[in-house]
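Q: Work out the full structure, taking the sequences as your base and the hints as a guide.
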Amino acid sequence: MYQAQFDYRRAGSVDEALSLLQENEDAKLMAGGHSLIPMMKLRLAQPPVVIDIGRLDELKGISEAGGSVRVGSLPTHAVIAASDGLAAHCPVLAEAAGHIGDAQVRNRGTIGGNIAHADPGSDIPPVLVLLGASVHLQSPSGTRSVAAGDFFQDLLMTDVGEDEILTHVDAPALGSGTGAAYLKFEHPASGYAVVGAAASVTVQNGRCTAAGLVVGGVSATPTAVDVSSLVGTDLSDDAIAAAASGLDAEDPIGDIFASGDYRVHVGKVYGKRALAAARDRA
Amino acid sequence: MTVSIQLEVNGKPVQAAVEPRRLLVHFLREDLGLTGANIGCETSLCGACTVLLDGNAVKSCTMLAAQADGASVTTIEGLARNGELHPLQEGFWEKHGLQCGYCTPGMILSANYLLAQNPSPNDEEIREGLKGNICRCTGYHNIVEAVKYAAERMS
Numbered sequence: 037m038y039q040a041q042f043d044y045r046r047a048g049s050v051d052e053a054l055s056l057l058q059e060n061e062d063a064k065l066m067a068g069g070h071s072l073i074p075m076m077k078l079r080l081a082q083p084p085v086v087i088d089i090g091r092l093d094e095l096k097g098i099s100e101a102g103g104s105v106r107v108g109s110l111p112t113h114a115v116i117a118a119s120d121g122l123a124a125h126c127p128v129l130a131e132a133a134g135h136i137g138d139a140q141v142r143n144r145g146t147i148g149g150n151i152a153h154a155d156p157g158s159d160i161p162p163v164l165v166l167l168g169a170s171v172h173l174q175s176p177s178g179t180r181s182v183a184a185g186d187f188f189q190d191l192l193m194t195d196v197g198e199d200e201i202l203t204h205v206d207a208p209a210l211g212s213g214t215g216a217a218y219l220k221f222e223h224p225a226s227g228y229a230v231v232g233a234a235a236s237v238t239v240q241n242g243r244c245t246a247a248g249l250v251v252g253g254v255s256a257t258p259t260a261v262d263v264s265s266l267v268g269t270d271l272s273d274d275a276i277a278a279a280a281s282g283l284d285a286e287d288p289i290g291d292i293f294a295s296g297d298y299r300v301h302v303g304k305v306y307g308k309r310a311l312a313a314a315r316d317r318a
Numbered sequence: 100m101t102v103s104i105q106l107e108v109n110g111k112p113v114q115a116a117v118e119p120r121r122l123l124v125h126f127l128r129e130d131l132g133l134t135g136a137n138i139g140c141e142t143s144l145c146g147a148c149t150v151l152l153d154g155n156a157v158k159s160c161t162m163l164a165a166q167a168d169g170a171s172v173t174t175i176e177g178l179a180r181n182g183e184l185h186p187l188q189e190g191f192w193e194k195h196g197l198q199c200g201y202c203t204p205g206m207i208l209s210a211n212y213l214l215a216q217n218p219s220p221n222d223e224e225i226r227e228g229l230k231g232n233i234c235r236c237t238g239y240h241n242i243v244e245a246v247k248y249a250a251e252r253m254s
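Each protein sequence line maps, in turn, to chains L and X. Quick note on the working numbering: the first sequence kicks off at 37 and runs consecutively. Quick note on the working numbering: the second sequence kicks off at 100 and runs consecutively.
One or more hints might be untrue.
To be verified - Cβ-to-Cβ under 8 angstroms is the rule here; a few derived chain X residues that face chain L:
(1) M100
(2) V102
(3) L106
(4) P119
(5) R120
(6) S143
(7) G146
(8) N155
(9) M162
(10) Q166
(11) A170
(12) Y212
(13) K230
(14) G231
What the hints assert, rightly or not - Covered stretches of chain L, going by a simulated chain X footprint (3 or more residues, C-beta under 8 angstroms):
(15) 39-51
(16) 126-140
(17) 300-309
I should point out that these hints are in silico values taken from the structure, not numbers from a laboratory. Because the structure is a prediction, the values reported are computed rather than measured. No residue lacks a Cβ here, since even glycine has one placed at the ideal position from N, Cα and C.
A: As structure tokens, this is what we get:
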């Protein structure tokens with residue numbers, strides 16, 4: 037289906053985009069368009085005005101400083117997957133970006149659009165929640181940051197306000213002794229994750245000192261699993277399997293492809309595998 | 100409203116005024132008559148509409164023509180040089196990499212992007228690189244052979 041008619045405005049700066057947002061009620065921001073255009077074709081979204089922010093160089097940077105990585109909202113998944121800086125300091129984010137869709141999708145889709153759309157089968161959200169990343173938003177009245185765990189509020193719902201632009205994401209760099217991994221069970225047609233598991237473990241002197249597991253695709257928002265039982269262990273396969281089996285979702289999502297119960301089951305399996313892969317990289 | 104766009108398509112400058120909702124694939128096919136980019140699923144899954152945008156493979160059904168303003172677009176019509184088939188086109192011919200041919204332009208442009216990134220891919224890398232392109236004639240085996248043929252010719 038064709039999208040409904042809309043007016044197109046191209047912003048030359050973040051400030052201009054913010055004023056266009058203020059001037060045009062119900063306007064939508066578009067970067068790569070890989071979430072918004074499909075929604076518009078289905079007429080699930082019919083914004084009267086589309087504000088193209090895809091050319092704002094100020095939002096395209098990827099940098100590392102002071103033990104933290106900063107990713108602007110506009111690098112494409114392909115750029116993130118191929119980033120040397122992320123490979124060195126936060127490889128799990130690059131790994132997840134490399135799993136998104138296919139090469140063509142990764143060449144257009146952006147990290148900002150991905151998380152602002154907040155599809156439950158998206159690969160980036162569980163990784164950001166795992167890392168304890170912060171999402172930075174700008175509005176005419178200033179800037180603020182939100183913890184990734186609070187940013188994703190419900191199915192396709194985030195904390196981004198109507199007058200705000202997502203400018204960048206900050207995530208702690210992974211220190212030495214820490215390994216992390218993202219594994220997904222992919223829908224064979226759409227490329228979205230049916231279930232995606234992001235895990236990290238820190239090992240010192242052969243003992244686990246910290247561990248985390250966040251699973252996407254099971255609930256409307258990423259589901260954190262309490263894997264603190266791993267701390268102090270040697271991360272044996274049995275200990276990992278027991279910890280991953282703690283995945284619990286009060287209201288799992290289900291569809292024609294995968295029921296809620298099935299997603300929880302697969303989430304435990306992929307959680308276990310992701311923890312084991314993180315251990316092997318630590 | 101219309102949006103004025105200027106871009107390069109297969110090396111030639113193009114200027115147009117398009118409706119904001121005009122998709123790049125419709126602009127190429129209907130306004131420019133370049134029907135090589137096919138419309139398959141229209142949901143960014145099948146890859147039949149794949150073109151190169153500034154050298155990157157993209158799905159032209161999920162992109163506004165207005166977003167291509169200032170870009171350089173290559174379609175299947177732009178690959179042959181002076182009547183000589185591109186090595187990928189030759190490979191698909193020699194290795195029987197197509198049956199009905201509907202997916203072929205997209206396959207070739209995705210493969211072109213893949214070989215630009217990785218000039219000598221193995222079978223697995225070719226299959227991963229062409230993951231965003233669906234063939235419904237079950238021709239993947241020969242498509243992989245065609246890409247390998249082209250990779251050798253281009254090295």
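Q: Hint by hint, work out which the structure violates, then give me just those numbers in ascending order.
A: 3, 11, 17
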